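Undergrad: Residue strings, one per chain:
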Amino acid sequence: MRILAAMSGGVDSSVAAALLAEEGHEVVGVTMKLWGGPSDVGCCSVADVHDARRVADTLGIEHHVFNFGEDFNDRVVNRYADAHAVGRTPNPCIECNRHIKFDRLLLRAAALGFDAVATGHHARIVTRSDGSLRVARGADLAKDQSYVLYMLGAAELGSLKFPVGVLTKTEVRAMAGRMGLRTACKPDSMGVCFIKRGTRPGFLAERLGLTPAEVVDTSGRRLGEVAALELLTVGQRRGLGIGGLSAPAYVVDIDRASATVTVGDRPDLLTTTQRVACLEWAGEVASGPIDVQTSAHGEPRRGNVDGEVVIWGEPQPRVAPGQSMVFYDGDCVLGGGVAA
Amino acid sequence: MSVAYFDHAASTPVRDEVLEAMMPFFRDCYANPTGAHRMARDSRRAIDEARDVLAAGLATEPTGIVFCGSGTEADNLAIFGAAAAGGGRVVCSAAEHHAVLRPVERLGGSVVETDSNGVIDTGALRDALGEDVALVSVMMANNETGVISPLDEIAEVVRTHAPQALFHTDAVQGFPWLDVAEAARLVDLISLSAHKFGGPKGVGVLAVRGGARLRAQIIGGGQEMGLRSGTQNTAGIVGMGKAAEIVLAERDSAVERVRVLRDQLADGLAATVPGVVETAVTPSSGGCTDRSAKVAGSCHLCFEGVESEEMLFLIEREGVYASAASSCASGAEDPSHTLAAMGWPRALARGSLRLSLGYPTTLADVDRVLATLPEAVAQLRRAAGQAAA
Chain U
1 MRILAAMSGG VDSSVAAALL AEEGHEVVGV TMKLWGGPSD VGCCSVADVH DARRVADTLG
61 IEHHVFNFGE DFNDRVVNRY ADAHAVGRTP NPCIECNRHI KFDRLLLRAA ALGFDAVATG
121 HHARIVTRSD GSLRVARGAD LAKDQSYVLY MLGAAELGSL KFPVGVLTKT EVRAMAGRMG
181 LRTACKPDSM GVCFIKRGTR PGFLAERLGL TPAEVVDTSG RRLGEVAALE LLTVGQRRGL
241 GIGGLSAPAY VVDIDRASAT VTVGDRPDLL TTTQRVACLE WAGEVASGPI DVQTSAHGEP
301 RRGNVDGEVV IWGEPQPRVA PGQSMVFYDG DCVLGGGVAA
Chain X
1 MSVAYFDHAA STPVRDEVLE AMMPFFRDCY ANPTGAHRMA RDSRRAIDEA RDVLAAGLAT
61 EPTGIVFCGS GTEADNLAIF GAAAAGGGRV VCSAAEHHAV LRPVERLGGS VVETDSNGVI
121 DTGALRDALG EDVALVSVMM ANNETGVISP LDEIAEVVRT HAPQALFHTD AVQGFPWLDV
181 AEAARLVDLI SLSAHKFGGP KGVGVLAVRG GARLRAQIIG GGQEMGLRSG TQNTAGIVGM
241 GKAAEIVLAE RDSAVERVRV LRDQLADGLA ATVPGVVETA VTPSSGGCTD RSAKVAGSCH
301 LCFEGVESEE MLFLIEREGV YASAASSCAS GAEDPSHTLA AMGWPRALAR GSLRLSLGYP
361 TTLADVDRVL ATLPEAVAQL RRAAGQAAA
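Protein chains in written order, with the working numbering: chain U, 1 to 340; chain X, 1 to 389.
Only chain X is shown next, with the shape it has when bound in the complex:
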């Protein structure tokens, strides 16, 4: 059975051009990029070319681009690195990815409540700030709901009430859809992950802007400007560079194309399934739904009276792959901390579904969901009705 893949917020396929760009660095140019000979220099040049691409995409000096092993590692480096260098408190929003939330919790930092869209409450943020704050971390777009943070407003609050603090944004979900270079000017630190935009797994970037001071968390040979020791993943970095190059060239057109598909998907589900609530949308004039609060690839809904795991099971049988909240290590779906932060009743949050689109998504994929999901929900509601009777 062919697959209609709606889990791009979890991971995307590696683009053909990316894979081709990577291949030579497995078989032909395999030297350690820190070496002195020609093959090593060729490896290093490939990494530095990727660094230039990321630097342009993140409005950062090339020497501020730190390649690492994942988006999670980039977040950890930002938070633990800033806390260790600055010796202050760390602050984040309650709807952050666990890669930010767990480090902040471990450091005994402050977790700030969000509004009903999952955006950090700027009043509460102001109250949480002070001269003792080393870092504030606010995600660019939420990994579950796709909701975009107004980084300009938030940056202003941070700069006013904690001028000494570093401002970090996890842009892992933002990069495929948003102008990160523009937003980068507001922040000191940006995390990215390659596999969310057509690159390989196992590569991330932390962009360190304006000479922000961090203390390395992995030390050894001093690679990556001393901020991340360990032999660089040359092929992976080359792949990330190529994928970023494509995103930067095609982002605007991809956003326009995917936005139309996403709207068709969400409108189609709203029209065919009763009891669906879409997160973070507002009805606008003319019966249209305004989804401008979210990135173009995100369709996030809650279905009344059914459970995520059940929907996912049934649509998988029809070749539709999606997810709910974040999966835990065992592979089970965990209750969503984002929806909890947004104040959603658990009864409704239980039926959440994240259908995330990506650069390869087609209209046929959308039609597949529209042909599958409504019947799955109806089947589950019939069963629940029988069980209650």
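Chain U extracted, bound-state conformation:
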């Protein structure tokens, strides 16, 4: 097969490309240039492109750089800022997967005559008993990335490969070491790739203008003030500047219209009914008791899915609006949506 291997400059995608080349496929490496400028620290900085290129050299495969910067800015960065502007908590990795990796890159690969695209995601592609393809959890549950891939359906999965999904991270690093890849010991990427660690407030302030908000308790009593409601997320405990309360206070609601942040005890955060919008299903629409995962590395919880509502078996903390909720059948991703 002719395979386009997306190489971020990290160890997982290095090994993914290496495994496919070893299997005898015609592999071409590509690094996507997505961001630039002063906060260019993420998975596509010049240093990472350099690493990817040098790994490709070691493997003896071609390496190209595709510039999807404009699309990334429009569809990932701007939408990230827009979501924060209305008090939501977006997941930009999922939007990047949806619009860039598994749309722009996939289409370009097809246009250029490739049979498949490979990435270094820790996830597997499994065939269901009816012959259809689904994303499933990676072998290394601690590194599993199936959550951020829930938007993939049969149309995409038929031309995708996740070669490291069957390996643990330890195995991936060991392989990279054996193969002499310079990325073997490179630290995992963390956080939002287009924001330098610790600079999120400034990044958002530059794009949004931040809104001061009143902090009130669930009975409406004023407790204090925060400088920017855009920087808060439902479920958050720290950084509210309202010490001295008897019990830990959590953000339970953010109301942009009235510039009010409501805090409460942990029980105030709990709910049995969770609304979910923008549902996407890999196959048939599912309903009834289903495992639901509400953060990238969270534990799945059993809930009863009924249209755009999930009824939890046990009360659960309210999911921050904007966060993805992913539905599983065992290891297998059925679909997902966005907490409303």
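Honestly, the hints are just simulated from the structure, not real lab data.
Predicted model, so just to flag it, every value in this text is computed and none were measured.
In this text, a Cβ means the ideal position worked out from N, Cα and C, and glycines have one as well.
Be aware that a few hints might be false.
[Stated by the list, open to error] Across the chosen pairs, the derived CB separations fall in these ranges:
id, chain 1, residue 1, chain 2, residue 2, range
1, X, R317, U, T58, 21 to 27 Å
2, X, T282, U, A340, 53 to 59 Å
3, X, D367, U, E22, 48 to 54 Å
4, U, R207, X, E105, 20 to 26 Å
5, X, P13, U, R207, 53 to 59 Å
6, X, H37, U, G202, 56 to 62 Å
Based on the hints, put chain X in the right spot on chain U.
TA: The following block gives chain X in isolation, referenced to the frame of chain U:
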């Protein structure tokens, strides 16, 4: 696979004669040209002979020829050097090479809009000028589109509205194709780069005419009339001199030969590929296209509905090497600031392709593009159609 190389505006092969001229200065005559002994004097003489060639080619006194490390360095020296010496504002056009644009931006200078061909708007330039201006920089020919600036008109505006300002031109893309000596009489400072015309990489020249005052930006041993310290790259300078000598002797015939090839290439693509827009051309009588606004080696087009990176990928597979706009440090193609300055819609600019010809280009090379590119564009449009369906 043999290669059809259409990226001469990015770099050219070193000519055989140039390489031969350079070789002795790596192995036999390697002394530091500032030294006193015979080998040092031989090195210095070789540099000064190259200086004489460049001086003739740029209508500049030999003592005004400052060898440096690249065209970019020459541009930086002109702009930062003039600003530091004159203490005034710097002005350039929005379509300048980044080697000019970035220094002007760093100095907080004025960036003047262009017309739809990418030529600086003389009305806007007039408005941007004044007594506080230290330097105006306008490129001789654009690195992306090949469009030639009317330096005589622009010089008149500069001399009238900012008589104290130095006038600089980046002639890096102009030198292989245009009579730079004639244009030099209009300006105070000219930048050149050796590897754009058959010389080696790592050598540039800033010609300083008429005693224009600059402040050195790299200081130390005082080489190059004190304007660029650092041991001279003797072999590189010798190579640049030899390459310039050949350009000066053969330019007219090269322009005539390459112009014909370029027209065949552009006409051939226009005839076989629908939805192609050529930049900065005008249809003239008899169905011919008038490309006199551009240098002879430039064929710059935009293909509707496809993206540069995709075309470049596919034609590379067939051995055709070209480029789009300028490449960024990561190797990705960056959106073109030149086409943006020209007011081109981004949707069309996304499909830009720069096929730049050079002294070695042959008809077989042109035929290779004509046999390759139309099918590549068709393949990409089919794929885009399927994706949209």
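Undergrad: Each hint needs a verdict: does it hold in this structure or not?
TA: Hints, verified against the model:
1. X:R317 with U:T58: 21 to 27 Å: holds (23 Å)
2. X:T282 with U:A340: 53 to 59 Å: For U:A340 against X:T282, whose Cβ atoms are near 57 Å apart, the range 53 to 59 Å holds.
3. X:D367 with U:E22: 48 to 54 Å: violated (40 Å)
4. U:R207 with X:E105: 20 to 26 Å: holds (22 Å)
5. X:P13 with U:R207: 53 to 59 Å: Given about 47 Å between the Cβ atoms, the range is violated.
6. X:H37 with U:G202: 56 to 62 Å: Holds, at about 60 Å.
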